[in-house]
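**Student:** Position chains B, C, D, E and F with the ligands against the provided structure of chain A, taking the given hints into account.
What follows is the residue order along each chain.
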Amino acid sequence: MSDLMQQGWQLLVLGMGTVFTFLIILTFATTAMTLIVRRIPQAAPVATPTPSQRNNNALQMEKIAAVAAAAKAAHNR
Amino acid sequence: MSDLMQQGWQLLVLGMGTVFTFLIILTFATTAMTLIVRRIPQAAPVATPTPSQRNNNALQMEKIAAVAAAAKAAHNR
Amino acid sequence: MSDLMQQGWQLLVLGMGTVFTFLIILTFATTAMTLIVRRIPQAAPVATPTPSQRNNNALQMEKIAAVAAAAKAAHNR
Amino acid sequence: MDKLLKLVNDSGLANIEFGQVVMMLLGLVLLYLAIARQFEPLLLLPIGFGALLVNIPGAGMAAAPVYNELGELVSYGGLLYYIFKMGIESGIFPLLIFMGVGAMTDFGPMLANPRTLLLGAAAQFGIFGTVIGAVLLNETGLVSYTIEQAAAIGIIGGADGPTSIYVASQLAPELLGAIAVAAYAYMALVPMLQPPIMKALTTKQERKIVMTQLRPVSKLEKIVFPLTLLILVALFLPSAAPLLGMFCLGNLMRESGVVERLSDTAQNALINIVTIFLGLGVGSKLDAASFLNLQTAGIMILGIVAFSAGTATGVLMAKLMNKLSSQQLNPLIGAAGVSAVPMAARVVNKVGLQANNQNFLLMHAMGPNVAGVIGSAVAAGVMLSYLG
Amino acid sequence: MDKLLKLVNDSGLANIEFGQVVMMLLGLVLLYLAIARQFEPLLLLPIGFGALLVNIPGAGMAAAPVYNELGELVSYGGLLYYIFKMGIESGIFPLLIFMGVGAMTDFGPMLANPRTLLLGAAAQFGIFGTVIGAVLLNETGLVSYTIEQAAAIGIIGGADGPTSIYVASQLAPELLGAIAVAAYAYMALVPMLQPPIMKALTTKQERKIVMTQLRPVSKLEKIVFPLTLLILVALFLPSAAPLLGMFCLGNLMRESGVVERLSDTAQNALINIVTIFLGLGVGSKLDAASFLNLQTAGIMILGIVAFSAGTATGVLMAKLMNKLSSQQLNPLIGAAGVSAVPMAARVVNKVGLQANNQNFLLMHAMGPNVAGVIGSAVAAGVMLSYLG
Amino acid sequence: MDKLLKLVNDSGLANIEFGQVVMMLLGLVLLYLAIARQFEPLLLLPIGFGALLVNIPGAGMAAAPVYNELGELVSYGGLLYYIFKMGIESGIFPLLIFMGVGAMTDFGPMLANPRTLLLGAAAQFGIFGTVIGAVLLNETGLVSYTIEQAAAIGIIGGADGPTSIYVASQLAPELLGAIAVAAYAYMALVPMLQPPIMKALTTKQERKIVMTQLRPVSKLEKIVFPLTLLILVALFLPSAAPLLGMFCLGNLMRESGVVERLSDTAQNALINIVTIFLGLGVGSKLDAASFLNLQTAGIMILGIVAFSAGTATGVLMAKLMNKLSSQQLNPLIGAAGVSAVPMAARVVNKVGLQANNQNFLLMHAMGPNVAGVIGSAVAAGVMLSYLG
Ligand code: NA
Ligand code: NA
Ligand code: NA
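Those protein sequences? They're chains A, B, C, D, E and F, same order as listed.
Residue numbers for the first sequence follow this note's numbering, so the first one is 1 and each next one is one higher.
Residue numbers for the second sequence follow this note's numbering, so the first one is 1 and each next one is one higher.
Residue numbers for the third sequence follow this note's numbering, so the first one is 1 and each next one is one higher.
Residue numbers for the fourth sequence follow this note's numbering, so the first one is 1 and each next one is one higher.
Residue numbers for the fifth sequence follow this note's numbering, so the first one is 1 and each next one is one higher.
Residue numbers for the sixth sequence follow this note's numbering, so the first one is 1 and each next one is one higher.
Mixed in with the good hints there might be a few duds.
List time: in silico DSS-like cross-link candidates among lysine-lysine, alpha-carbon distance up to 27 Å [claimed, not checked]:
#, chain 1, residue 1, chain 2, residue 2
1, F, K85, E, K85
2, D, K350, D, K199
3, D, K204, D, K323
4, F, K350, F, K199
5, F, K85, D, K85
6, E, K85, D, K85
7, D, K350, D, K319
8, F, K199, F, K85
9, F, K323, F, K204
Negatives, chain D to chain F, calculated, CB over 12 Å [unchecked claim]:
#, residue
10, A14
11, Q38
12, P57
13, P65
14, S75
15, L189
16, K199
17, Q205
18, V210
19, R215
20, P226
21, V233
22, E260
23, L316
24, N322
25, K323
Note that these hints are calculated values from the structure, not bench results.
Every residue, glycine too, gets a C-beta built ideally from N, C-alpha and C.
Only chain A is shown next, with the shape it has when bound in the complex (with noise of 0.2 Å):
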């Protein structure tokens, strides 16, 4: 067997076996990783923060942009 042929193949071997064994180590991190998530209470704190503070935040922000906006108004009057 030439030496390219067998290079050929030892790069077939490794690479298909690197392939596998690194999505299979994928898959169970994966899986491990969505159990673990699932645990936490209410899945995210990003995703879903509480509805209260969101809201508050909200509404502070619109508070501003309210006085933002009048103070604009004001000026260009």
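**Tutor:** Below, chains B, C, D, E and F with the ligands without anything else, positioned relative to chain A:
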């Protein structure tokens, strides 16, 4: 006549000559291109795809989109 | 006092001195600029173009646009 | 008068070589495929145009800069030279494209069914099988490839444009033009190449299998996934880190929801700018000397082998998994493991509908589809580690 | 204490030279023209601002990087230095602008009436006539120009910003600032410069000529045209290939309809980014040493000559064509052949309406207008081939 | 077999060092803060991700290019290397960000009440006081800083990201990572850091002060202001010209109203692209060797000192001005002088509302807020002139 003067006139003649030659050729080429294009039945495959084929594609796409939307809706439930 | 210490204090004095000097000059320059700007009749040629001129331009543009649209419509017929 | 002569002597007509004519015709063919047939136009249009530009005799659009003996710049290089050197040979453009693709990718369907990652693994046989194909072709004595070239050709089977360009630019830049053209052309041909293989390897009964609906995936899972992937890459295959790292960055920007303006730019202005340049730069490698040879012919043949092999092993893997597990997969979705996002998934959906017109496989095929992107980036990492 | 002294000695007041004051005033004038008079603000605003920045004593905004004897970098250059070196001297920015302009250009009116290409050719006399003007000015002994400088000045007559910058950066970078300022300033002055000449060379009867409505142009014609143009460039004038090649690429992206996201980016994000940098880079050449001299005064005078000559020959060519053909042109549209897109076409429309308030010439003038862009790029190619 | 060994030996697990693990954890913490706590996510997300990428063992994402003895390139550097060298060390990216920030800034509130500039001046004591803090820390012998390092640390008190990065890249690139992280983290913490200080230094009566409504500011004033500022910079502090020059350019593009497409691009596509790269480049400096040391611990402590000192002096300055003038300021707005736009102004508004729920201070706080940006750029100029 100074050397610079000579180069200037040379550039004038060469330049205007090339510009006119090139744009005249372009005029003919464009006219010829138009004539050829107009002979192509239906003018242009891209511009006017056969309605059935286009519709088919569009339908296909819409179907896929609908499915995707449905699937998404299901997930987010 | 160590050399570093000395440099630090020097930087403090020089820095705060420059910052205050510069911003005080800027305060005066800004106030002066405002006074000058307010003397310019009509405040600003850009900000408030004479209505007739602006309208004229706009009209001109709308006319052109209308023609272009008409021409385009004709082509695509 | 001698100046007129110079102008005439400088003209293209006086200098054009046969090879350049052929390559310009090839450029026109690529433009035709891009415009009239809509073969991956985002890349094939600038690639085809780049091929035209680089083959204009005397225009020097890809000329290197000239320095004198003192190392001072005498004349600047051409636009395409700088694009290629700075953006492609350095690997920067493919990596930025990968970031943008990451920002466009939804891992949801894959996270809902992580087993489909295995389909994305199996389909990478298209890559390594093709390496063997190239080596065998070399044995015939008709064409000669080094192992680096064989590897770069194999990556066509990854069915992923930027990965192919990245690997080819690192391992076999002299083949970059042919490899990129083959990769994009065959990706566009996926709707023709895949269905016969898919049908040959499955029974009608198998193609009718209805899969259970995918579970919803939470936002937090989607945020954590790119980080999980990156950490595994860091632990096990650092040579894949540039590609998968930028991919994960893009995906994290998308899913985190806190940097929408960055995610939006990565998916639009930035990826568009880079795509124009990437296409032109790849096209600038379509010069006669590097393209018109038997190596290119071999690449075109091996490219079909690559796509076909990947499709086949993906489908066969799904059938194997059905043997080993009770949760049945429709084996068609294995074909989506080659990547070619989202074309291959659409093909799966279409072939599935032919067998059962109520069976929509699109979302199920998106899992192996994006898994295929990861799979071929991993394969690229192995090659770069082994040969780099 | 000595540190305070250093700060004072470093201050602008302690170091400013008279020339810098004058150039900063010029920068303010350019900003005034850009903002208050809306003279080509997209370029003149960054150019004017660049002029301010580069003339700040001691700020080093255009300073070159410093290396030690071992070739190691001691200190980085200023922002404007890098913009100029990498983007303008290399020719890259003007070429990218040209791609964007191509993506904004509709060749439809020209394709409907290809004879108008000749008007675009005739108006280029503005370029070469100005070269003679520069040579004559040189003969007077008041100002001294080389042939390269004369050519770069002539290109102002092309009435096309990026073409002027590209040619000047290649043939006479030392005059780039003055040439770019003249080119953009006179383009903005087209509504004042052109009408008197147009009226002087035509009778009211001629200005009233109503042209036949333009035929519709098919999508396929618009797609094939940029390729036709590119191939002619390749065959006959490769030195125009960079400019016209990028222009055709932009136009093909626009007309093909298959790469809308690339076309959109070329017309927006990309051209805007490059415009900011191009303006700053050009402005960085507005330093006292290179601007405050008789050469600049000559350029300003020759610039008017250039625009006027181009306008006149365009109009005269139209009158000549009317003599030779039965299909009558309104000779006013010849004035649009100088380019200055779309300003010159609007001027034609306006002057036409003054003669006949029902005669809308805008679309008819768009033909010679875009032909003028091609014409001056061809002229640029001749100059670069002859002198480059 | 030896190839498999190589792959295993190349793996991250086989090579990872303890410091890299710690730094990757830090990267994850930064990502957590950015995503879950929304701490300045636009910068902390790419910085955190950059920290992950640069600490992957063997990935070489920040590796320098390798040249042989003949000066020929053997292998390209990593993506993060080029981003850092070309964009950050050169100062280009922070300057482009500053242009974009200028295009987003409304100087109206400040122009309506120019006295608030003095609050922006006073709050810069946060910068120089922190320099003294760093010097004192050096005296203890626990940590060692040079004067350049002390200055770069002080600039954290400017509460302005790009200014901090710019100064640190020029004076102490080895501390860039820690300084940038501290600057952005404490900016995000402004809502927690500032209120106690603000309340401690003011009586409830003072916090209730209602300010007179701001006068309207004309468009022309807004156009002339950036030019006025630039000219003063040119005359008195050229070393601040790069930062303030680009800032004024952005602001002039915004206010002139004639280059909306450039202003829009500067505020969106361009600043977003640069932000991604800036974040990655800064993150690439978060390697174990340069971060895990006592200097970093000192920086974190000094960063709080800087923000607190700036807040305090801003408030005290307002109280002093109330003593000297009859026109009363609500002293809370002095706290906005630290910059941290627009967070600090919002904090002022909130604390003001707590004292008087009808007293909206937001617009009044915007004046010192943008004045603080100018103030810290001036401070940066002094440092660069003194130490550069
Ligand atoms: Na793949
Ligand atoms: Na022209
Ligand atoms: Na500040």
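**Student:** Against chain F, does V210/D hold up as non-interface, every C-beta pair farther apart than 12 Å?
**Tutor:** holds (37 Å)
**Student:** Using Cβ atoms and 12 Å as the threshold, tell me whether V233/D really stays out of contact range of chain F.
**Tutor:** Non-interface label on V233/D violated, nearest chain F Cβ at 7 Å vs cutoff 12 Å.
**Student:** Just checking, S75/D versus chain F, shortest CB gap more than 12 Å?
**Tutor:** Correct as stated: the minimum Cβ-Cβ distance to chain F is 20 Å, above 12 Å.
**Student:** Tell me if the straight-line CA distance from K350/D to K319/D falls inside 27 Å.
**Tutor:** Judged against 27 Å, a Cα distance of about 19 Å means the pair holds.
**Student:** With a cut-off of 27 Å on the C-alpha distance, tell me whether K85/F and K85/D pass.
**Tutor:** holds (17 Å)
**Student:** Run the distance test for K85/F versus K85/E: straight-line Cα separation, threshold 27 Å.
**Tutor:** The given pair, whose Cα atoms are some 17 Å apart, holds under the 27 Å limit.
**Student:** Examine each Cβ of chain F, and state whether all of them lie more than 12 Å from the Cβ of Q38/D.
**Tutor:** Q38/D clear of chain F: closest Cβ-Cβ about 27 Å, beyond 12 Å.
**Student:** K323/D: least C-beta distance to chain F exceeds 12 Å?
**Tutor:** Consistent with the label, K323/D stays out of reach of chain F, its closest Cβ about 29 Å off (over 12 Å).
**Student:** Against chain F, does Q205/D keep a CB gap of more than 12 Å to every residue?
**Tutor:** Since the minimum Cβ distance to chain F is about 41 Å, Q205/D lies beyond 12 Å and the statement holds.
**Student:** Taken at face value, is the distance from the CA of K85/F to the CA of K199/F at most 27 Å?
**Tutor:** Violated - the C-alpha atoms of K85/F and K199/F are around 44 Å apart, more than 27 Å.
**Student:** Compute the least Cβ-Cβ separation between K199/D and chain F, then decide whether it is above 12 Å.
**Tutor:** holds (38 Å)
**Student:** According to the definition I'm using, a residue is off the interface if its beta carbon is farther than 12 Å from all beta carbons of the partner; does R215/D meet that for chain F?
**Tutor:** Since the minimum Cβ distance to chain F is about 23 Å, R215/D lies beyond 12 Å and the statement holds.
In the structure shown, a violation is registered for the earlier hints numbered 8, 20, 21, 22, in ascending order.
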